[in-house]
Amino acid sequence: MPYRYLGDIATADVAFEATGKSLEEAFTSAAEATLNVMIDEPDRIERKEAVDVELENDELEMLLFDFLNELVYYKDSRKLLLRVDEIRIEDEGQFRLAAKLYGEKLDPLKHPLGADVKAVTLHRFSLSKSDDGWKATAVLDI
Amino acid sequence: MATPSALKRISDTIWELPRGYKEGMLVPARIFATEKLIREMDDGVFEQVTNVACLPGIVNYAYCMPDGHWGYGFPIGGMAAFDPKTGVISPGGIGFDINCGMRLLTTNLTLEEVRPRIKELVDMLFYRVPSGVGSTGFLRLSQDEFRDIIEEGSAWCLKRGFAWPEDIELTEERGCFEGADANKVSRKSIERGFDQVGTLGSGNHYCEIQVARPENVFDSELARTFGFTLPNQIAVMFHCGSRGFGHQVATDYLQTFLKVMEPRYGIKVRDRELACAPFNSKEGQDYFAAMKCAANMAFVNRQMILHRIREVFSVVFNRSPEDLGLNMVYDVTHNTAKLEEHTIDGKKTRLLVHRKGATRAFAPGMEGVPARYKEAGQPVIIGGSMETGSYLLAGVKTGGHAFYTTAHGSGRTMSRHQAKRMYRGSSLQHDMEERGIYVRSVTWGGLAEEAGAAYKQIDDVVEATELAGLSKRVLRLLPIGNIKG
Numbered sequence: 034m035p036y037r038y039l040g041d042i043a044t045a046d047v048a049f050e051a052t053g054k055s056l057e058e059a060f061t062s063a064a065e066a067t068l069n070v071m072i073d074e075p076d077r078i079e080r081k082e083a084v085d086v087e088l089e090n091d092e093l094e095m096l097l098f099d100f101l102n103e104l105v106y107y108k109d110s111r112k113l114l115l116r117v118d119e120i121r122i123e124d125e126g127q128f129r130l131a132a133k134l135y136g137e138k139l140d141p142l143k144h145p146l147g148a149d150v151k152a153v154t155l156h157r158f159s160l161s162k163s164d165d166g167w168k169a170t171a172v173l174d175i
Numbered sequence: 012m013a014t015p016s017a018l019k020r021i022s023d024t025i026w027e028l029p030r031g032y033k034e035g036m037l038v039p040a041r042i043f044a045t046e047k048l049i050r051e052m053d054d055g056v057f058e059q060v061t062n063v064a065c066l067p068g069i070v071n072y073a074y075c076m077p078d079g080h081w082g083y084g085f086p087i088g089g090m091a092a093f094d095p096k097t098g099v100i101s102p103g104g105i106g107f108d109i110n111c112g113m114r115l116l117t118t119n120l121t122l123e124e125v126r127p128r129i130k131e132l133v134d135m136l137f138y139r140v141p142s143g144v145g146s147t148g149f150l151r152l153s154q155d156e157f158r159d160i161i162e163e164g165s166a167w168c169l170k171r172g173f174a175w176p177e178d179i180e181l182t183e184e185r186g187c188f189e190g191a192d193a194n195k196v197s198r199k200s201i202e203r204g205f206d207q208v209g210t211l212g213s214g215n216h217y218c219e220i221q222v223a224r225p226e227n228v229f230d231s232e233l234a235r236t237f238g239f240t241l242p243n244q245i246a247v248m249f250h251c252g253s254r255g256f257g258h259q260v261a262t263d264y265l266q267t268f269l270k271v272m273e274p275r276y277g278i279k280v281r282d283r284e285l286a287c288a289p290f291n292s293k294e295g296q297d298y299f300a301a302m303k304c305a306a307n308m309a310f311v312n313r314q315m316i317l318h319r320i321r322e323v324f325s326v327v328f329n330r331s332p333e334d335l336g337l338n339m340v341y342d343v344t345h346n347t348a349k350l351e352e353h354t355i356d357g358k359k360t361r362l363l364v365h366r367k368g369a370t371r372a373f374a375p376g377m378e379g380v381p382a383r384y385k386e387a388g389q390p391v392i393i394g395g396s397m398e399t400g401s402y403l404l405a406g407v408k409t410g411g412h413a414f415y416t417t418a419h420g421s422g423r424t425m426s427r428h429q430a431k432r433m434y435r436g437s438s439l440q441h442d443m444e445e446r447g448i449y450v451r452s453v454t455w456g457g458l459a460e461e462a463g464a465a466y467k468q469i470d471d472v473v474e475a476t477e478l479a480g481l482s483k484r485v486l487r488l489l490p491i492g493n494i495k496g
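Just so you know, the sequences run in chain order A and B. Take 34 as the starting number for the first sequence in our numbering and just add one per residue. Take 12 as the starting number for the second sequence in our numbering and just add one per residue.
Just chain B, same shape as in the assembly (with noise of 0.2 Å):
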């Protein structure tokens, strides 16, 4: 794919579209990536971060991060800051699936003792944590209880023993987005999500059981840090988000938005997709609130999920959660916008900051990294294909120049059509199984859809994101057990 000639490179992994580029844009677009993964970037990226940079009260730059693809609205990987009293709010900027984010936690357990018991382990996960269309979750909710949900976040699973009390301080934002309203979600959004707690969904999403080999550990001592201690040390990875309620309170806000941007605020977008309101309205204090919501209803999937997955291994090892060390090392989230303090010209500057398919990425010292993390950085969990394998990263001190945020996956190269023209559910099952990889999955096609070669390498991303000085490597966490929807 051709960039564009207007495209400059800044450094190794900078390149930059100016203000000149397109008619409208109030900043510069920033990329990062090296140079042969800024060659590999669809158009989609390089129109979409440019029609971000004509966002009103955007600030410094529209960025994109090295695992960038179009996405709606904002590309996938995109990453912008807004002055919260002149700037915009976007549901095009957070995604659909709001707060769709990373969970890890390790294990006290070896490749070795996991090894024979990995289909066992898999199958049970697969029934347990249910997973694909229309599925429900093993809480049975009233709506009124899923409001307090929706407001309280993983508080209200401590409360009622699905949680540790250190899964809590483990969690981004200890798994409360503050300000969540539930008479900010219609009652639509209640209705498609209030039986889904505790479901992984379809699509991209998957609860994947993961090994550390010694030879994948880039830093061991940040690796101890984050709990990992044994040589070929068992961990367990899941991606999903707010599941049919987040995404409805996306729906209904696009909508909302683009009935009152023009007549009411004066605002244009190139794209429908873009649909905003000012962060200081009604409409978008209101969007505030209700996107919280779906937030917070996405941390307390992932615990009930995390409690699901505690269960199983207690139940096939027959030893106790606790016994077998399955503490969490971090719960990240990777599409939602926050207001944060960054530093800009020597200024501590309040800022609303949008991350769509991007990772915050704090570094050490700073506030809201857990204390037992505070010298280490924020874990940062960067989900790969299910044949690849994933990363986790942590934190550094010279990603101010990107409001401390980095990539969040590896990106798709490949559509799904093409994906499921090229490869067989079945048959991808069971090359996978030889290499050592036992998957379940509720469709051959989904499976198919999901395969390795469709994604852009993920070695790639996470290194581009280590010289650009977003984050560093930790570790290399590679499948041998997956579930997906």
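Next up, chain A with everything else stripped away, as it sits in the complex (with noise of 0.2 Å):
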């Protein structure tokens, strides 16, 4: 998955840098960085169950704060590791995003336990396209 931690930025927390050719992908790349940062090995996750998720925002960076904050609380509420199975992001003056996220409640004993992430947080959040696509960086409070 194109991702990649920063030492730099955050002492005290993790900070990714996520891209993908579209911005499907980009979203993609930054869910499952959050995902590596509260469990090692994400490829362990199994297909048990399905989650389906809607959101829409006025400003598209602020749509994939939506959504990473959409993993945050899956992960505490339903205790859900979820992955990126299919996704959709529509400009139709509001920024809308449909997803189709599958995955396995977490199990200590089956995936290696990371950090827990509490937020995903605005500090030098950005969303940015570049000449290959579009590349993101968050901070995640840990």
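Hints in this document: simulated from the structure, not taken from any laboratory. A portion of the hints provided could be inaccurate.
[Said to hold, decoys possible] Here are the simulated EDC-like pairs of lysine to aspartate or glutamate, each with C-alpha atoms no more than 16 Å apart in a straight line:
| hint | chain 1 | residue 1 | chain 2 | residue 2 |
| --- | --- | --- | --- | --- |
| 1 | B | Lys408 | B | Glu477 |
| 2 | A | Lys112 | A | Asp140 |
| 3 | B | Lys270 | A | Glu89 |
| 4 | B | Lys270 | A | Glu92 |
| 5 | B | Lys96 | B | Glu123 |
| 6 | A | Lys54 | A | Asp164 |
| 7 | A | Lys112 | B | Glu34 |
| 8 | A | Lys54 | A | Asp165 |
| 9 | B | Lys270 | A | Asp124 |
| 10 | B | Lys199 | A | Glu103 |
| 11 | A | Lys138 | A | Glu79 |
| 12 | B | Lys270 | A | Asp164 |
| 13 | B | Lys195 | B | Glu163 |
| 14 | B | Lys199 | B | Asp155 |
| 15 | A | Lys133 | A | Asp118 |
| 16 | B | Lys270 | A | Glu94 |
| 17 | B | Lys199 | A | Asp99 |
| 18 | B | Lys96 | B | Glu351 |
| 19 | B | Lys279 | B | Glu34 |
[Claimed, not checked] To give a feel for the contact side, a few chain A residues facing chain B, derived at Cβ under 7 Å:
| hint | residue |
| --- | --- |
| 20 | Met71 |
| 21 | Pro75 |
| 22 | Asp109 |
| 23 | Ser110 |
| 24 | Leu139 |
| 25 | Leu146 |
| 26 | Ala148 |
| 27 | Thr154 |
| 28 | Leu155 |
| 29 | Arg157 |
| 30 | Asp174 |
| 31 | Ile175 |
All residues carry an ideal CB built from backbone N, CA and C; glycine is no exception.
With the hints as a guide, dock the two chains, each given alone in a separate frame, to form the complex.
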């Protein structure tokens, strides 16, 4: 997955940069980067539950913020570790996101635990278009 | 790291950035630190404390404590007081982990009695006080019961036999922020937190068994007042907050404030993490009432953890918690906003005081200090890294120049990423055990991230608060056992 953790931005927390050729790919990479903070070896997540997420926001950047927050919400409220199956983002005056996520309940015996993500922050939060696609930067409060 | 050239030395421990440092500053910024600590501070502190100085209604100065480092919006260690009529309230001045705080209890056991049982104690605590990603508490609560908890705070625990009456007396605000309104929190926040009561969380949250060695007692009279009467007496300290519930309350209102701040109230901020609303507005009051719910959840969380700790000690030593003297010293919060009365230019003034990674340190005689500590001053609990030790301090009469506020911890100097590159959790655990500290963690990586060398020297931080007249040292506590998320 095209993401990397940035060591120098966040002394007490975790920062990452996620990229994608399309907007959808960048959102997917950012979701994976967030997941991989909470657990190691995300490839071991099995397809046991499905969740549909629909979001809208005036700002594309804040749509990504909302999307990552959904992952944190499902981790706490339903103990679900989720990956992106399908995702579609459209500009209809409002930016709309429709995603199908899949995954399974967190099991500390199966998923090596990482750090609990308290919140997605807006510190240096950005989503921008580059020559070869999209790039997102985020700092997670842990 | 270079300090800004505009930084002016006011005294040995007070540094000031004047209003002219940045456009829009309404007051100067003041940082409490020794020369050594100010030189080590990251650039984020100077940038952020001066951003705070631009917020409407700020009174006197934007402050930062000696353990300051960059945070979200406010620096960690940030404190600012606002005029409740003209000022703002900001989640960025409180933190995502609302009412993150420290609780300390004593035992009447000594190191000699506990050392042989330390593994048993730590292992049992590790299982009885859940920690780590997605952990849930032992209370099976309905969402309606959770709504009662967040409005009632620690009193809820007392009614159900999870607290002793003196626990309530020895908790800041008696374990309940009055005016909490469960109608002001979202369904999502309740869903995130209602099954997390009694859990530590992860990151820098921990529960530690400590010893007060005679050579580490700085003020034996205050130490006695706070319950330390034996040489090598054992204490238990823990650090945690309002878990997913508080984090979601903060996230919800950050989003609300971002939407209304400029269009409705004409407020512009230099950093989105400083999103705010006038305190005297519907949104501001809603957040204040919701924040109080999260604060109450954190008090209950720490009370339930205390209950579990009492159970564990009772099982291991086969004596009742009362017989083991498992008494609270104090519970103090370091992420809140509160209405307080302070004296400015000789006049009593009501202020909304934000403390973010900063601890209230009320002086002897002040209202709000428990009766038994009236002459001693409010206990202040400062958590260090899991390797180097922690401190018990007391509020002092000279603290008025910082609205009776002091530091909260040692503050990181090394990123988590770097710490993980430099240390391996498993060998760190081994090394610590050699040095007499038995530690259990849910993750090796998480353990490595909390290595002692990743933090500022806590001795320097605590000394700076004493030199600056913010608080005084009572005793230093050294770890012998630790569980962390």
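Hint check results:
no.	hint	in the structure
1	B/Lys408 - B/Glu477	holds (12 Å)
2	A/Lys112 - A/Asp140	holds (9 Å)
3	B/Lys270 - A/Glu89	holds (14 Å)
4	B/Lys270 - A/Glu92	holds (11 Å)
5	B/Lys96 - B/Glu123	violated (56 Å)
6	A/Lys54 - A/Asp164	holds (9 Å)
7	A/Lys112 - B/Glu34	violated (46 Å)
8	A/Lys54 - A/Asp165	holds (6 Å)
9	B/Lys270 - A/Asp124	violated (20 Å)
10	B/Lys199 - A/Glu103	holds (10 Å)
11	A/Lys138 - A/Glu79	holds (9 Å)
12	B/Lys270 - A/Asp164	violated (31 Å)
13	B/Lys195 - B/Glu163	holds (15 Å)
14	B/Lys199 - B/Asp155	holds (14 Å)
15	A/Lys133 - A/Asp118	holds (5 Å)
16	B/Lys270 - A/Glu94	holds (14 Å)
17	B/Lys199 - A/Asp99	holds (13 Å)
18	B/Lys96 - B/Glu351	holds (14 Å)
19	B/Lys279 - B/Glu34	holds (13 Å)
20	Met71	holds (5 Å)
21	Pro75	violated (13 Å)
22	Asp109	holds (4 Å)
23	Ser110	holds (4 Å)
24	Leu139	holds (4 Å)
25	Leu146	holds (5 Å)
26	Ala148	holds (5 Å)
27	Thr154	holds (5 Å)
28	Leu155	holds (4 Å)
29	Arg157	violated (9 Å)
30	Asp174	holds (5 Å)
31	Ile175	holds (5 Å)
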